[in-house]
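Each protein sequence line maps, in turn, to chains A and B. In terms of the numbering used here, the first sequence has 2 at position 2, counting the first letter as 1, and numbering is strictly consecutive. In terms of the numbering used here, the second sequence has 175 at position 175, counting the first letter as 1, and numbering is strictly consecutive.
Derived by calculation from the structure, the hints in this document are not laboratory data. Hints are all accurate, no fakes.
Where chain B lies over chain A, by a calculated footprint (3+ residues, C-beta under 8 Å): (1) 19–30; (2) 81–89; (3) 95–107.
Only some residues are given here: those of chain B computed to face chain A with a beta carbon under 8 Å: (4) T107; (5) R131; (6) I134; (7) L136; (8) F140; (9) L155; (10) L159; (11) H161.
Using N, Cα and C, we set each Cβ at its ideal position, and we do this for glycine too.
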Amino acid sequence: MTTHVVQDTAALLGRSLRHIARSPDTIITTVVMPIAFMLLFVYVLGGAIETGTDSYVTYLLPGILLITVASGISYTAYRLFLDTTSGIFERFHAMPIARSSVLWAHVLTSLVANLISLVVVVGVALLMGFRSGAGVSGWLAVTGILALFTVALTWIAVIPGLTATSVDGASVFSYPLILLPFISSAFVPTATMPGPVRWFAEHQPVTAIVDAIRDLLTGQPVGTGIWTALAWCVGILVVAYVLADLAYRRRIA
Amino acid sequence: MQRHGAVSTGTGTGTGTGIRRACARKIRSRAALTLTQRQPSTLAAMSTAPTPHGVHEPAVLLRGLTKSYRDLTVLRGVDLDVARGSIVALLGSNGAGKTTVIKILSTLLRADGGTARVNGFDVATQGAEVRGSISLTGQFAAVDEILTGRENLVLMARLRHVTDPGVVADDLLRRFSLAEAGTRRVATYSGGMRRRLDLAMSLVGDPPVIFLDEPTTGLDPQARIEVWRAVSELARGGTTVLLTTQHLDEAEQLADRIAILHEGRITVNGTLAELRRLLPPAEVEYVEKQPTLEDVFLAVVGADASGHAHRDDPGTRTSDDLTTPGERP
Ligand SMILES: Nc1ncnc2c1ncn2[C@@H]1O[C@H](COP(=O)(O)OP(=O)(O)OP(=O)(O)O)[C@@H](O)[C@H]1O
Ligand SMILES: [Mg+2]
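Based on the provided sequences and hints, a complete structural model is requested.
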């Protein structure tokens, strides 16, 4: 029996994109927190933070973008949880469709929704004085890293979406992901941190990804840092995908 | 069992519980003699040998199906055939395992043992082919609340790769009296509308075998009759239907054969007439027939709806007896 992975994924993607188009509040609630952090840090705390750059909002933005993604992916867990409890998941699985398309449609929906949220946050940052010297290739590279990061984190979100027993359970997993940028180079240079914290900050993925995006946005040579950032993204993606696939197989028995 | 005017037989099916109790009692005492309480060996001998393409085997074939959830044994060896183009009702009380059977047949759940074949394909090893042959309407309506009714149908049509999704959707909306509501979000639908949409979604692509898990639970009498009508039409068109129900009157209305699932096995399997033979001979009693609440409801709400019932199965609907002048054409 031939399967139609692409057509089936497209049909299901169309469905979830309609969900987003009909509840734009999911985009709004996604961007509220990162924008609030940005305002707080730029206008309240930023004056006391020494980053060695002219514009704190420019320094801050990469970390804010990662927080945006971390807050956006919890909607994937939420939507997936609703699908599994509403019975529509079973309906799809009793149909002659490519089964992998069910999850991929959710992951691609997350990618689209998060890219929209990211554009909104960058727009607000521009209003707050963010300026970038990056050219087209720099922006493309930033978009690529953020897209890869989003897909990797979304596969993490798939796991609670498939296994949670309550709506709250499906979304709490994102809190640590949102907090991780605070112990990184996102808000303050890691050099200011005490020993063990500094060690952790310098060896966790957010710092590598934030540094790479920051270098790209400020038009500086990225060096080998970008490979570290990409390796983290791909590593998270692979591990999360394998675990999500396990959860999925268990779910559909 | 024809009922005329005020005459009713002692074993009337007015409530369903009466017959159920009587059935249970009688099955214990003499079912083995009168009915098809078959041994697996006889069953195996009776069934047509499966051909490579399964053309001659029944649309649904269950042999010795077992299933447990941890230490709870639900199915202890279920044997059941559903002939092509027939309607079989699987009757059972709450927790009997009806949904479990349906889920195994729809490849949503793995059996622990036994054989389950649908349209000639084994559910355990040929899942994709089974899914290509079936459609499932689960116990609880599985519709997308945020989409409109039409969008739900178009989605099903796209997933089943039919050539003209829009046309198929509009046709089904009409058939299920949802044409006007079609452009509204499903979140605004009533329970009955949802259920009708749910059923319509299962018909997209004309699958040869349809599983309906309690298709009329939660519907008002009128909507039930509409669903019954749709199911009868399906069977007339050659579709095989396996439905589960807790209501004897539903089985009576729709099914060619009725199988009762009890304590993990099919304890009774036969036509309505065969099942009736399990009951004590009808004693003729003269009682003044009171219209049931359902009769009153149908007379007040929809002469139209009871008209369908009349067309589908004249003679067995008590509602036909309640003719209010001016309400019938
Ligand atoms: N996933 C599960 N885990 C554990 N037990 C289950 C599970 N699904 C069903 N059961 C149990 O198996 C038994 C049969 O359930 P099933 O849903 O098949 O019954 P049913 O005949 O469809 O009942 P109903 O008429 O209430 O829908 C019940 O006792 C139920 O509690
Ligand atoms: Mg059930």
